[in-house]
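Chain order of the listed sequences is F and S.
Residues in the first sequence are numbered consecutively from 1, following the working numbering.
Residues in the second sequence are numbered consecutively from 1, following the working numbering.
Careful, some of the hints might be misleading.
Cβ-Cβ distance ranges computed for the label pairs, FRET-style [to be verified]:
#1 186(S) with 376(F): 52 to 62 Å
#2 376(F) with 31(S): 41 to 51 Å
#3 118(F) with 332(S): 29 to 39 Å
#4 29(S) with 495(F): 31 to 41 Å
#5 82(F) with 317(S): 32 to 42 Å
#6 44(S) with 118(F): 44 to 54 Å
So the derived list for chain S, only partly shown, Cβ under 7 Å to chain F, looks like this [said to hold, decoys possible]:
#7 124
#8 211
#9 230
The following residues of chain F were derived to be distant from chain S, with all beta-carbon distances above 12 Å [stated by the list, open to error]:
#10 14
#11 234
#12 255
#13 341
#14 357
#15 363
#16 378
#17 423
#18 502
Calculated directly from the structure, the hints in this document are not laboratory data.
Note that the Cβ used here is the ideal one computed from N, Cα and C, for glycine as well.
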Amino acid sequence: MNSELNDDNDIIMSLSKVGKKYGQNTALHPIDFELERGEVHVLFGENGAGKSTLISLIAGANKPSSGQINYDGKNVAFSSVKEARLLGICAVFQEFSLVPQLTVADNMFLGHELSSGYVLDKAAMNDKANAVLNELEFDLTADQIVGELPRAGQQMVEIAKAFCANVSVLILDEPTASLTEHETEQLFRLVNKLKSQGVGIIYITHRMAEIRQISDRVTVLRDGLLIGRLNTCDLDEDSLVEMMTGGSASDVFPNVESTAGNIMFEVSNLSSELGIDDISLHVKQGEIVGLAGLIGSGKSEFAQVCYGLAPKTQGQIKVCAKDISVATPSTLIEAGLYYCSPDRHDSGLVIDASIGHNLTLSALKTNEFSFDYSYVLKGGNERQRINTLMKRLRIKADDSHHLVNSLSGGNQQKVLLAKALSRQFEVFIFDEPTVGVDVATRKVIYQFIAELCQQGAAILLISSDLPEIIHLTHRAYVFCEGQIAVHLEKEQINEQSVLSHFFAKGEAA
Amino acid sequence: MMSNIQNNIRHMSSGGINRAMKVISNIFYRLGVLPFLLLIAVVTFTLLSGNFLTTDNLLNVARQSTYLILVAMGQMFALLTGGFDLSVGVIIALTSVIAAMVMAWANLHWPGQVELAIFVGSVAGLLAGMSIGVINGLGVAYGRVSPFMMTLGMSSIGLGFALYLTGGTPVYGMPESFSDLFGFGQILGVPTPVVITLAIAVFLWFFLNYTVGGRYFYAVGGNVKAARLSGINTKLVLFSTYVLCALLAAISGLLLTARLETGEANIGASLPLESIAACVIAGVSLRGGVGRLPSVVMGALFIGLIQNGMNLAKVGSYFQTVVIGVLLIIAVLADQFRQRMGK
Numbered sequence: 001m002n003s004e005l006n007d008d009n010d011i012i013m014s015l016s017k018v019g020k021k022y023g024q025n026t027a028l029h030p031i032d033f034e035l036e037r038g039e040v041h042v043l044f045g046e047n048g049a050g051k052s053t054l055i056s057l058i059a060g061a062n063k064p065s066s067g068q069i070n071y072d073g074k075n076v077a078f079s080s081v082k083e084a085r086l087l088g089i090c091a092v093f094q095e096f097s098l099v100p101q102l103t104v105a106d107n108m109f110l111g112h113e114l115s116s117g118y119v120l121d122k123a124a125m126n127d128k129a130n131a132v133l134n135e136l137e138f139d140l141t142a143d144q145i146v147g148e149l150p151r152a153g154q155q156m157v158e159i160a161k162a163f164c165a166n167v168s169v170l171i172l173d174e175p176t177a178s179l180t181e182h183e184t185e186q187l188f189r190l191v192n193k194l195k196s197q198g199v200g201i202i203y204i205t206h207r208m209a210e211i212r213q214i215s216d217r218v219t220v221l222r223d224g225l226l227i228g229r230l231n232t233c234d235l236d237e238d239s240l241v242e243m244m245t246g247g248s249a250s251d252v253f254p255n256v257e258s259t260a261g262n263i264m265f266e267v268s269n270l271s272s273e274l275g276i277d278d279i280s281l282h283v284k285q286g287e288i289v290g291l292a293g294l295i296g297s298g299k300s301e302f303a304q305v306c307y308g309l310a311p312k313t314q315g316q317i318k319v320c321a322k323d324i325s326v327a328t329p330s331t332l333i334e335a336g337l338y339y340c341s342p343d344r345h346d347s348g349l350v351i352d353a354s355i356g357h358n359l360t361l362s363a364l365k366t367n368e369f370s371f372d373y374s375y376v377l378k379g380g381n382e383r384q385r386i387n388t389l390m391k392r393l394r395i396k397a398d399d400s401h402h403l404v405n406s407l408s409g410g411n412q413q414k415v416l417l418a419k420a421l422s423r424q425f426e427v428f429i430f431d432e433p434t435v436g437v438d439v440a441t442r443k444v445i446y447q448f449i450a451e452l453c454q455q456g457a458a459i460l461l462i463s464s465d466l467p468e469i470i471h472l473t474h475r476a477y478v479f480c481e482g483q484i485a486v487h488l489e490k491e492q493i494n495e496q497s498v499l500s501h502f503f504a505k506g507e508a509a
Numbered sequence: 001m002m003s004n005i006q007n008n009i010r011h012m013s014s015g016g017i018n019r020a021m022k023v024i025s026n027i028f029y030r031l032g033v034l035p036f037l038l039l040i041a042v043v044t045f046t047l048l049s050g051n052f053l054t055t056d057n058l059l060n061v062a063r064q065s066t067y068l069i070l071v072a073m074g075q076m077f078a079l080l081t082g083g084f085d086l087s088v089g090v091i092i093a094l095t096s097v098i099a100a101m102v103m104a105w106a107n108l109h110w111p112g113q114v115e116l117a118i119f120v121g122s123v124a125g126l127l128a129g130m131s132i133g134v135i136n137g138l139g140v141a142y143g144r145v146s147p148f149m150m151t152l153g154m155s156s157i158g159l160g161f162a163l164y165l166t167g168g169t170p171v172y173g174m175p176e177s178f179s180d181l182f183g184f185g186q187i188l189g190v191p192t193p194v195v196i197t198l199a200i201a202v203f204l205w206f207f208l209n210y211t212v213g214g215r216y217f218y219a220v221g222g223n224v225k226a227a228r229l230s231g232i233n234t235k236l237v238l239f240s241t242y243v244l245c246a247l248l249a250a251i252s253g254l255l256l257t258a259r260l261e262t263g264e265a266n267i268g269a270s271l272p273l274e275s276i277a278a279c280v281i282a283g284v285s286l287r288g289g290v291g292r293l294p295s296v297v298m299g300a301l302f303i304g305l306i307q308n309g310m311n312l313a314k315v316g317s318y319f320q321t322v323v324i325g326v327l328l329i330i331a332v333l334a335d336q337f338r339q340r341m342g343k
């Protein structure tokens with residue numbers, strides 16, 4: 001698309017020994033990477049493997065700590081996303097960079113508005129925006145307010161944004177995470193079109209089917225290291241998973257026998273304006289039940305409503321056979337339910353407080369930690385429990401007085417999980433318990449969940465990570481558009497059966 | 001050989017400087033800008049005035065600072081939960097006016113029952129001051145009005161009331177023993193206001209560090225969502241913040257009234273700024289969740305010290321106001337810098 005580029009050279013971008021460190025932490029060890037013209041190159045790896053770091057360096061969002069980026073035959077060092085964009089490197093990040101108050105067209109042209117003189121040419125921008133949206137066959141118009149669109153709509157705007165500039169390297173970070181099958185097909189059609197025009201595309205996905213469908217090569221990362229690179233045509237799924245996880249699935253996931261007993265958590269006909277409709281499910285003692293589905297399918301919202309974070313319009317919730325008439329976090333904690341937030345920074349942890357204070361926060365009013373009536377703390381008991389919890393989850397810190405802020409992401413996540421043991425809980429809801437942590441931490445977390453289950457806890461595991469659902473759960477419910485699409489027993493759970501219910505009927509593959 | 005030794009010496013001394021810098025930056029990172037400002041202030045004023053560093057003068061600073069210390073401790077709770085209270089000055093004014101009027105009325109109508117008059121007047125003043133805090137708390141916690149708008153609005157309302165009640169003139173007629181006791185009295189040689197402030201400070205320190213309630217203030221300020229998910233009644237904590245802040249300001253207003261021997265609607269106007277400055281200088285984070293009570297007491301003492309020192313050095317009161325503003329901004333800049341050090 002960009003005619004200024006040197007056409008003789010097949011390699012549009014090459015990285016040599018590019019790495020990134022944040023203080024003591026290495027997010028990405030120095031790696032070599034190259035991207036050819038007209039190639040779709042998939043980056044594959046778990047959360048925290050270094051994929052996002054790598055693309056942030058290429059797109060100019062971060063500066064590499066070491067190494068050299070060569071783009072179109074010249075060494076480059078971008079100081080901003082805008083600078084990279086002007087040279088034709090466009091990225092669609094998972095986290096949206098949209099201004100919700102502005103229209104679709106405003107957002108698509110943000111930073112490079114069309115104008116005549118100093119006056120914005122709104123008509124031209126609207127026309128061009130609509131042209132791009134039409135070509136993508138996205139069901140949007142240029143004058144809609146972005147904040148009023150659903151998540152999938154915002155995702156489309158983010159993608160469309162990349163298509164309205166001259167682009168020679170396009171980076172797509174899990175672009176299909178909230179698109180329907182049809183929209184995904186349109187996107188792939190456009191990706192193929194760009195490919196034929198010689199654009200190099202870096203594509204991040206977790207889905208095997210997508211890798212087969214559109215990619216040419218796959219680069220696998222793990223724990224910030226380059227593990228391997230292979231051509232899609234000689235791809236073998238099992239070996240790819242092994243490269244990603246650093247062992248076969250059975251090494252990472254513990255084997256947990258279900259010892260299903262009494263029903264400990266039961267929800268019937270739960271609905272809410274948050275976008276869930278007539279949900280009924282139950283979890284028994286000693287079993288792990290999975291909730292799968294796309295982002296926005298209602299699986300996470302379901303947990304929020306159960307925990308009283310949003311009002312329900314109808315339905316009953318029972319914890320340990322006790323009816324919860326008014327659901328609030330404090331009544332549910334009293335009833336024996338632990339809820340683990342999917343976002344440790346946003347709502348999970350108080351990061352400016354110490355590790356210890358975070359660990360016991362839900363349990364301070366129990367008489368283990370404070371005296372009745374006066375609520376004066378029992379410091380000795382608290383210290384003892386904090387030390388036990390830190391050892392149990394192998395939280396790496398010299399001292400429980402250190403701020404959570406000073407810990408690595410994995411250790412922060414362990415603090416969030418360890419809160420589950422600060423008092424007596426019977427039912428556990430883990431919403432995305434392994435977001436953004438490395439493989440070693442994952443193992444610890446899976447082991448922790450497995451042990452809870454063996455001790456007779458009832459566990460609800462909400463996850464967008466398919467392997468977690470497939471290998472860890474005894475039963476699973478798949479959410480789609482706010483409803484339960486299917487209920488699967490252990491032997492029925494596999495990638496195909498779960499994925500096929502991610503999309504509404506009629507659109508399923 | 002010679003140059004070798006010189007080199008070594010240079011090495012050693014630069015190592016020493018490096019070590020000293022490390023210690024200094026460590027102190028700065030842990031305690032903030034306050035220790036440095038305090039040091040600079042003490043040295044400067046000692047050089048400017050021979051009377052500054054005397055026991056009498058320092059006791060004087062302590063007594064003069066008690067009113068600000070009380071208000072700053074209340075302000076600290078508001079800042080801890082991520083807000084602030086601009087109405088502390090008006091709470092003081094309203095407390096002063098109501099307490100003086102009720103006390104004067106009771107003194108006139110119930111002759112010979114001075115203690116009762118003082119008691120009833122004080123309670124009326126405290127309740128009047130706290131009522132502003134209650135409305136602030138309801139607005140911020142349950143009505144989700146921003147602390148800025150809520151407390152700004154209430155300070156206009158409160159000031160209007162205080163002026164309306166007094167017609168802008170001081171209220172006289174309180175029993176003399178009120179001022180004798182709470183304004184000029186001493187307990188074991190220490191001025192009564194200092195004793196009262198000290199007792200309250202010790203109590204609040206214990207509350208913040210050794211009780212569940214204190215922990216909750218830090219948690220709600222640090223991350224209100226995480227606090228809510230941990231089963232904390234975050235709205236109740238927010239509500240209590242503004243009531244507690246108002247109570248402390250009201251106590252300060254009562255003590256100030258005793259000292260001035262009149263009830264006045266125009267006292268306390270400078271206290272919102274000074275109390276926030278005291279907290280920020282003491283390292284209380286404007287984002288909430290971070291702050292230590294002993295530091296806030298020191299911060300308020302520091303401002304008292306500056307004012308006292310400038311008085312001794314014959315700096316005019318107009319210019320003093322400029323200095324307080326400058327210190328506030330320096331403290332915020334230093335805090336930003338400290339945040340970046342942490343990353």
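Go through the numbered hints given earlier and state which of them the structure violates, listing their numbers in rising order.
1, 2, 4, 5, 7, 13, 14, 15, 16, 17
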